[in-house]
Amino acid sequence: MHELSMADAIVKTVIEAAEKNDAIEVLEVTVELGQITLLNPEQLKFMLEVLSEDTIVSGAKFNMEEVPVEIECFSCGFKGKADTDELDHYVPIINCPECEERNLNITAGRECNVKNIKIEKSDEDAQDS
Amino acid sequence: MHKIADIEIQHDIMLANRKLAKKNQKILDNANVFAVDFLGAIGSGKTSLIEKLIQEMDYPVAVIAGDVISKFDAGRFEKYNVPVIGLNTGKECHLDSHLVEHALHDLPLDEVDILFIENVGNLICPVDFDLGSHIRVVVISVSEGDDTVEKHPLIFKDADLVVINKVDIAAAVGADEDKMVEDVKKINPDVQVIKTSLKENKGLSEIIESLHKFMAE
Ligand SMILES: Nc1nc2c(ncn2[C@@H]2O[C@H](COP(=O)(O)OP(=O)(O)OP(=O)(O)O)[C@@H](O)[C@H]2O)c(=O)[nH]1
Ligand SMILES: [Mg+2]
Ligand SMILES: [Zn+2]
Ligand SMILES: [Zn+2]
Ligand SMILES: [Zn+2]
Ligand SMILES: [Zn+2]
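Protein chains in written order, with the working numbering: chain A, 1 to 129; chain B, 130 to 346.
Worth double-checking, as some hints may not be accurate.
With a straight-line cut-off of 30 Å between C-alpha atoms, the simulated DSSO-like cross-links for lysine-lysine are [what the hints assert, rightly or not]:
| id | chain 1 | residue 1 | chain 2 | residue 2 |
| --- | --- | --- | --- | --- |
| 1 | B | Lys181 | A | Lys79 |
| 2 | B | Lys328 | B | Lys342 |
| 3 | B | Lys328 | A | Lys79 |
| 4 | B | Lys220 | A | Lys61 |
| 5 | B | Lys200 | B | Lys315 |
| 6 | A | Lys79 | B | Lys331 |
| 7 | B | Lys148 | B | Lys132 |
| 8 | A | Lys45 | B | Lys220 |
| 9 | B | Lys314 | A | Lys20 |
| 10 | A | Lys12 | B | Lys132 |
| 11 | B | Lys314 | A | Lys81 |
| 12 | A | Lys115 | B | Lys151 |
| 13 | A | Lys115 | B | Lys148 |
| 14 | A | Lys118 | B | Lys315 |
| 15 | A | Lys115 | A | Lys12 |
| 16 | A | Lys121 | A | Lys20 |
| 17 | B | Lys132 | A | Lys45 |
| 18 | B | Lys314 | B | Lys331 |
| 19 | A | Lys121 | B | Lys331 |
Covered stretches of chain A (in silico footprint by chain B; criterion: 3 or more residues with CB under 8 Å from a CB of chain B, positions within the stretch not fixed) [to be verified]:
| id | stretch |
| --- | --- |
| 20 | 3-9 |
| 21 | 12-21 |
| 22 | 105-114 |
| 23 | 117-123 |
Since the hints were derived computationally from the structure, they do not count as laboratory data.
Remember, predicted model here, so these are calculated numbers, not experimental data.
All residues carry an ideal CB built from backbone N, CA and C; glycine is no exception.
Just chain A, with the same shape it has in the complex (with noise of 0.2 Å):
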C-alpha cells in the first residue's frame, strides 16, 4: 500500500501553498479521494496528521471529501454517476445504469486531489494590534 507516500506529497503540497500564501498556520486541508482510488482514507488520514507534525501544517483538521464514480456509457450515451448503493464495490465499474451495458468509460472517481486549505495569515498590521 502507498498511503505513506501519497500522504508525503499531499503535505508537501500543502506546505508549498502555505509559504507561497504567507501562512503562519495550515487550519484546514480538503482532500478529494475518488471513490475507487486504491487509498484508505482512513490510513491516508492518519498518516497526514503523522507527517504533519512539526511543519506548518501540524494540528489542521484534514477533510477527506470522497468523489462518487462517474461513467460515460459508449453504448447509450448515458454520463453521469453510476449507481452504486446496494451493488458491491465494483459493480459501478461494470454496467451501465441506463442500459446495462459494460462498454463504458471511468470519468471521475479515481482522484487524489488537494483540493483546498484554510490558513491564518498575519495581516500588514500584525504588529501593532
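Position chain B with the ligands relative to chain A; hints supplied.
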C-alpha cells in the same frame, strides 16, 4: 489580529503521475519505441513471459525490471544481452512514471524497438499509476485461485491484454481457468484473454500475434 484565508489548490496527485506518464510516452514515441507494462500477481510468470518474448520476437528489446528491493529479475534479463534497468521501488508497491522517466534516460532508446516493463508483483497498487506504456498486459496464474479476477476487478478493467498462466497446473490447484476468462470478460468485454502455460510454451504465439497487432495500430 490574524486573518483567515481559503486557498484553492486543486492539485491532483494522481493526475501529476498521469501527466508524467504522457511525457514518458512522448519520449518513447519520439524514439519509435513500443512500450508494454506487464502487471500481475507475485510469481504469476511476468519475468518468464518477458524472457520468452525476448527470445521469440525479432526486435531489439530493452527491459525495465521493477522490484521492491532485489535485482533478481534484472539479472535474469541481463543473460539475454539486452539493455536492462533494474528499478528498486524500496517501500513502494508499484512503479511510477517518475521512476520510469529516469530509466528512459538511461536506456539506449534509439537502438530499441520494444521496451518491456515488468511492474512490481501486485494486483492493486500499480493500477492507479500509468507509466506511459502503450499497452498494459496483466499476467495472472491459476495458482492464485480462480476468484482472483473477481477480487481485483480494477486491474482488469484497464488491461489491454490478459494472460492466464500456468494452465498446466490448473487441475492440481483446483482452479477453473475458463471461469477466470469469463470473469475478465464480465469486467472488460472487449479484451483478449490468452490462456498460457509458459512452462510448456502454450499460448506464447498468440501473445506475440496480439503484440504485433497492437504495434501495428
Ligand atoms: N507450472 C508452471 N510454472 C510456471 C509457469 N510459468 C512460470 N512458472 C514458474 O513460476 C515461478 C514464478 O515465475 P516468474 O516468471 O519469476 O514470475 P514473476 O511474475 O516474474 O514473479 P515476481 O517478479 O516475483 O512477481 C517460477 O518458478 C516459474 O518457473 C507455467 O506456465 N507453469
Ligand atoms: Mg518477476
Ligand atoms: Zn500500495
Ligand atoms: Zn448505457
Ligand atoms: Zn504503491
Ligand atoms: Zn528524480
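Status of each hint after checking the structure:
1. B/Lys181 <-> A/Lys79: Roughly 43 Å separates the two Cα atoms, so the pair is violated.
2. B/Lys328 <-> B/Lys342: Between B/Lys328 and B/Lys342 the Cα gap is close to 24 Å, so the pair holds against 30 Å.
3. B/Lys328 <-> A/Lys79: Measuring from Cα to Cα gives roughly 45 Å; hence the hint is violated.
4. B/Lys220 <-> A/Lys61: Cα-Cα ~27 Å, so holds.
5. B/Lys200 <-> B/Lys315: It is violated: about 37 Å lies between the C-alpha atoms, which goes past 30 Å.
6. A/Lys79 <-> B/Lys331: violated, 42 Å
7. B/Lys148 <-> B/Lys132: violated, 36 Å
8. A/Lys45 <-> B/Lys220: Within the cut-off at roughly 19 Å; holds.
9. B/Lys314 <-> A/Lys20: violated, 49 Å
10. A/Lys12 <-> B/Lys132: holds, 23 Å
11. B/Lys314 <-> A/Lys81: holds, 23 Å
12. A/Lys115 <-> B/Lys151: Status holds; Cα separation ~23 Å.
13. A/Lys115 <-> B/Lys148: holds, 18 Å
14. A/Lys118 <-> B/Lys315: Outside the cut-off at roughly 44 Å; violated.
15. A/Lys115 <-> A/Lys12: holds, 14 Å
16. A/Lys121 <-> A/Lys20: Given pair A/Lys121, A/Lys20 holds - Cα atoms ~11 Å apart, limit 30 Å.
17. B/Lys132 <-> A/Lys45: holds, 26 Å
18. B/Lys314 <-> B/Lys331: holds, 21 Å
19. A/Lys121 <-> B/Lys331: violated, 66 Å
20. 3-9: holds (count 4)
21. 12-21: With 5 residues closer than 8 Å to chain B, the stretch 12-21 of chain A meets the three-residue bar; holds.
22. 105-114: Since three or more residues must qualify, the claim that chain B covers the stretch 105-114 of chain A holds, with 6 doing so at under 8 Å.
23. 117-123: Coverage by chain B holds for the stretch 117-123 of chain A (7 residues, Cβ < 8 Å).
Violation of the numbered hints given earlier is confined to hints 1, 3, 5, 6, 7, 9, 14 and 19; the remaining hints are satisfied by the structure.
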